[in-house]
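Construct the complete structure from the given sequences, taking the supplied hints into account.
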Amino acid sequence: MGPIIPVHGISEEWNLLIAFLIGLGFGFSLEQAGFSSSRKLAGMFYGYDITVLKVFFTAAITAMLGLIFLNYLGWIDMSIVYVNQYYIQSAIVGGVIMGVGFIAGGFCPGTSVCAAAIGKIDAMFFIGGSLIGILLFGETYSLWEELYNKNFLGSLKLSSVLNMKDGVLALIIVLMAMVMFWIGERAEKKFGREDIMKEV
Amino acid sequence: MKSRVILAIILVSLSAIAAILPQKKNSALQLNAEELLQEIKLGTYNIGPDQLTEIIVNKDPSYMLIDLRPASEYEKFSLPGAINIPFDSLFTENWIMYIDQDLRKNIFFTNGGTLSSTALVLSRQKGFKNNFVLAGGLNRWFETVLNAKPPANSVDTEALKIYQRRLAAQQYFKGGEALPKNDVQIDLKPIPVRKKKMVQGGCS
Numbered sequence: 001m002g003p004i005i006p007v008h009g010i011s012e013e014w015n016l017l018i019a020f021l022i023g024l025g026f027g028f029s030l031e032q033a034g035f036s037s038s039r040k041l042a043g044m045f046y047g048y049d050i051t052v053l054k055v056f057f058t059a060a061i062t063a064m065l066g067l068i069f070l071n072y073l074g075w076i077d078m079s080i081v082y083v084n085q086y087y088i089q090s091a092i093v094g095g096v097i098m099g100v101g102f103i104a105g106g107f108c109p110g111t112s113v114c115a116a117a118i119g120k121i122d123a124m125f126f127i128g129g130s131l132i133g134i135l136l137f138g139e140t141y142s143l144w145e146e147l148y149n150k151n152f153l154g155s156l157k158l159s160s161v162l163n164m165k166d167g168v169l170a171l172i173i174v175l176m177a178m179v180m181f182w183i184g185e186r187a188e189k190k191f192g193r194e195d196i197m198k199e200v
Numbered sequence: 001m002k003s004r005v006i007l008a009i010i011l012v013s014l015s016a017i018a019a020i021l022p023q024k025k026n027s028a029l030q031l032n033a034e035e036l037l038q039e040i041k042l043g044t045y046n047i048g049p050d051q052l053t054e055i056i057v058n059k060d061p062s063y064m065l066i067d068l069r070p071a072s073e074y075e076k077f078s079l080p081g082a083i084n085i086p087f088d089s090l091f092t093e094n095w096i097m098y099i100d101q102d103l104r105k106n107i108f109f110t111n112g113g114t115l116s117s118t119a120l121v122l123s124r125q126k127g128f129k130n131n132f133v134l135a136g137g138l139n140r141w142f143e144t145v146l147n148a149k150p151p152a153n154s155v156d157t158e159a160l161k162i163y164q165r166r167l168a169a170q171q172y173f174k175g176g177e178a179l180p181k182n183d184v185q186i187d188l189k190p191i192p193v194r195k196k197k198m199v200q201g202g203c204s
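Top line first, the protein sequences correspond to chains A and B. Heads up, the first sequence is in our numbering, so the first residue is 1 and it goes up one at a time. Heads up, the second sequence is in our numbering, so the first residue is 1 and it goes up one at a time.
Don't take each hint at face value.
DMTMM-like mimics (lysine to aspartate or glutamate), calculated; alpha carbons at most 20 angstroms apart, straight line [claimed, not checked]: (1) Lys2(B) <-> Glu188(A); (2) Lys161(B) <-> Glu75(B); (3) Lys161(B) <-> Glu143(B); (4) Lys24(B) <-> Asp77(A); (5) Lys174(B) <-> Glu54(B); (6) Lys126(B) <-> Glu39(B); (7) Lys174(B) <-> Glu75(B); (8) Lys25(B) <-> Glu188(A); (9) Lys129(B) <-> Glu185(A); (10) Lys129(B) <-> Glu188(A); (11) Lys129(B) <-> Glu35(B); (12) Lys126(B) <-> Glu185(A); (13) Lys54(A) <-> Glu185(A); (14) Lys2(B) <-> Glu185(A); (15) Lys54(A) <-> Glu145(A).
If you're looking for bench data, these hints aren't it; they were derived computationally from the structure.
Structural data, given as structure tokens:
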């Protein structure tokens, strides 16, 4: 059995088309999950709505389990699956900027595009802000270059750092997710904001 | 039971199974033994001596000649335009970008054909494309091109053409030395000059 999609047999154009279709599906799912509402998204930080956590974490663990089983069946070669590269400082600074932007703007980059697509003006401003940020970063890149490239650790996998089998780590993460969801739902009850959520 | 509880149970039990399953490594890009054997049998990645000659003479930029012999031998002699990547450092950091690339076709060569074929098999196994091998190595190339012998049956025009091309290639590689000696030998015996006889008779 070979890979599900023969990556090397597909031309660049087909690749882009497939990416476009997957993107459409992703946007549609986000919109259906109610992620085009900044109130729902910000609810994650105030504890009155943890849909964001549940949806994204469920997606992650589903994909994780899917990959593990596909790998076991020989349908996917994990050695050529792209793993995000890890720069310690960049990850921390970027995470903080992303978090602040998320609370202040009420969107994350993906959901802002989603919300702009259904005509939300605040999301359009958010996208404008992101683009200005990208431009500024690009123009002043030489100032950040050192920090940006500091402590590059390559494509790290948590399981290899912890010296653990992928499957065992997956089990731990799934259990963690279940505990988080349980705590999150209790928080939802405690911090519930009916006034806000009614409009969503 | 609530659907979310069922979902949670499914997820947890699936991950428990995943935890029990043995770790497996797949390699979609690597060839298995049968596929490799098939490729070797077909000679898909062989470049013949005459083809190599044409590539060198035409200075074909789509090919890169890679000499896999040790540096000492490379310094003594190598093919024109060839770079030296000793066999033992073939997949090291310094050279891997020459072997794993999409720009040019590499032709591996050594004196014989064994080591270069091994290099080809290894690179194919790693999933690298665009690597070829000089069939028979430098030795066969010398034998067939630089020391080409006239075809036994001169009626075979095709063989004759190949021979003529090889002779031309010899001139390219060796210059004037390549010209067959017996063709240009000039008989330098003095031409006897006949003595002029006095004109006799007539109306002088």
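Hint by hint, here is what the structure shows:
A C-alpha spacing of about 18 angstroms is found between lysine 2(B) and glutamate 188(A), which places the hinted pair at or below 20 angstroms, so the restraint holds. For a cut-off of 20 angstroms, the pair hint linking lysine 161(B) to glutamate 75(B) is broken: about 34 angstroms separates their Cα positions. This hinted pair checks out: lysine 161(B) and glutamate 143(B) have alpha carbons roughly 17 angstroms apart, not beyond 20 angstroms. Note on lysine 24(B) and aspartate 77(A): the hinted pairing holds, with a Cα-Cα distance of about 10 angstroms set against a maximum of 20 angstroms.
Between lysine 174(B) and glutamate 54(B) the alpha-carbon distance is near 15 angstroms, which keeps this suggested pair within the 20 angstroms criterion. Of the pairs offered as hints, the one joining lysine 126(B) and glutamate 39(B) holds, with about 14 angstroms between alpha carbons and a cut-off of 20 angstroms not exceeded. Note on lysine 174(B) and glutamate 75(B): the hinted pairing holds, with a Cα-Cα distance of about 18 angstroms set against a maximum of 20 angstroms. A threshold of 20 angstroms between alpha carbons decides the hint, and for lysine 25(B) with glutamate 188(A) the separation of about 42 angstroms lies outside it, so the pair is violated.
Annotation: proposed proximity of lysine 129(B) to glutamate 185(A) is violated, straight-line Cα distance about 53 angstroms (limit 20 angstroms). In summary, the hint linking lysine 129(B) to glutamate 188(A) is not supported, as the alpha carbons are separated by about 55 angstroms, beyond the 20 angstroms threshold. The suggested pairing of lysine 129(B) with glutamate 35(B) holds, with an alpha-carbon distance near 14 angstroms, which does not exceed 20 angstroms. For the proposed pair lysine 126(B) and glutamate 185(A), the alpha carbon gap of about 49 angstroms is over 20 angstroms, so the pair is violated.
At roughly 10 angstroms between alpha-carbon atoms, lysine 54(A) and glutamate 185(A) fall within 20 angstroms of each other, so this suggested pair holds. Proposed proximity of lysine 2(B) and glutamate 185(A) is supported: the alpha carbons are some 15 angstroms apart, at most 20 angstroms. A hinted pair counts as satisfied when its Cα atoms are at most 20 angstroms apart, and lysine 54(A) with glutamate 145(A) does not qualify at roughly 35 angstroms.
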